[in-house]
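Spelled out, the chains give:
Number of protein chains: 2
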Amino acid sequence: MNKNDELYCEHYQRAAELIGGRWTATIIRVLLGGVHHFNAIRSEIPGLSDRMLSERLRELDHEGVVSRVVFPEMPVRVEYHLTDKGRALAPVMDALIAWIGEWAAPDPAPLARKE
Amino acid sequence: MNKNDELYCEHYQRAAELIGGRWTATIIRVLLGGVHHFNAIRSEIPGLSDRMLSERLRELDHEGVVSRVVFPEMPVRVEYHLTDKGRALAPVMDALIAWIGEWAAPDPAPLARKE
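As they're listed, the protein sequences go chains G and F.
Per our numbering, residue 1 is the first one in the first sequence, and the count goes up by one each step.
Per our numbering, residue 116 is the first one in the second sequence, and the count goes up by one each step.
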């Protein structure tokens with residue numbers, strides 16, 4: 001083990017916690033899937049409240065992952081879009097989907113579990 | 116937008132929350148890096164307490180990601196190793212590292228932030 005390997009990285013841990021927040025990964029996936037209106041996003045995710053969705057979108061906006069886009073129409077239209085930084089998370093989400101495809105199948109994977 | 120697309124997946128959300136738990140992504144990275152003893156894992160991660168590391172390893176064991184290996188020596192030696200399911204998370208972690216390499220650089224990325 002080379003002690004010069006940087007196994008701890010604050011950015012890495014923080015990014016994992018951002019993505020791993022309650023509902024966050026699913027909200028990013030819904031946005032990647034082309035759903036952009038608040039009510040439409042919420043209706044894609046069973047159990048997600050208005051309050052929680054607002055909070056998560058605000059957090060993702062603050063992190064530069066999501067942008068709140070206001071269309072100056074009457075009535076005003078608001079959409080939520082991933083920024084370039086947000087769209088760059090797609091490979092992370094794809095890798096996670098591949099992992100659950102292999103390991104979280106309805107039939108238990110052939111793994112000796114200790115419970 | 117095809118309404119048959121399954122944008123919500125419980126397994127996916129749960130996997131993201133598992134990986135995004137406090138310290139979890141870093142613990143997995145340390146294990147991938149070849150560190151297997153409890154004290155050695157803890158000493159790689161500034162601010163991680165014994166209690167929190169125990170709790171996280173127990174959770175990862177329960178999820179089939181980490182295996183607690185006991186070597187019947189005197190004194191008994193205990194190591195923590197990723198299972199096949201745990202090692203299969205490496206591409207997720209690699210994708211996350213690539214993302215922070217691009218977007219979480221010390222110099223702010225050229226992104227219009229709204230704060």
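Because the hints were derived from the structure by calculation, they are not lab data.
Treat the hints loosely; a few may be bogus.
Stated by the list, open to error - List of simulated lysine to any residue pairs, SDA-like, C-alpha gap at most 25 Å:
#	chain 1	residue 1	chain 2	residue 2
1	F	Lys200	G	Leu18
2	G	Lys85	F	Gly149
3	G	Lys85	F	Ala213
4	F	Lys200	F	Arg129
5	G	Lys85	F	Tyr123
6	F	Lys200	G	Tyr8
7	F	Lys200	F	Asp176
8	G	Lys85	F	Gly136
9	G	Lys85	G	Leu7
10	G	Lys85	F	Asp176
11	F	Lys200	G	Phe71
12	G	Lys85	F	Gly135
13	F	Lys200	G	Thr83
14	F	Lys200	G	Gly34
15	G	Lys85	G	Pro75
16	F	Lys200	F	Glu121
17	G	Lys85	G	Glu10
18	F	Lys200	G	Glu6
19	F	Lys200	G	Lys85
This one's a predicted model, so the numbers in the text were calculated from it and none came from an experiment.
Quiz item: Going back to the hint list, which numbers does this structure go against?
Solution: Result: hints 2, 10, 11, 13, 14, 15, 19 break, sorted rising.
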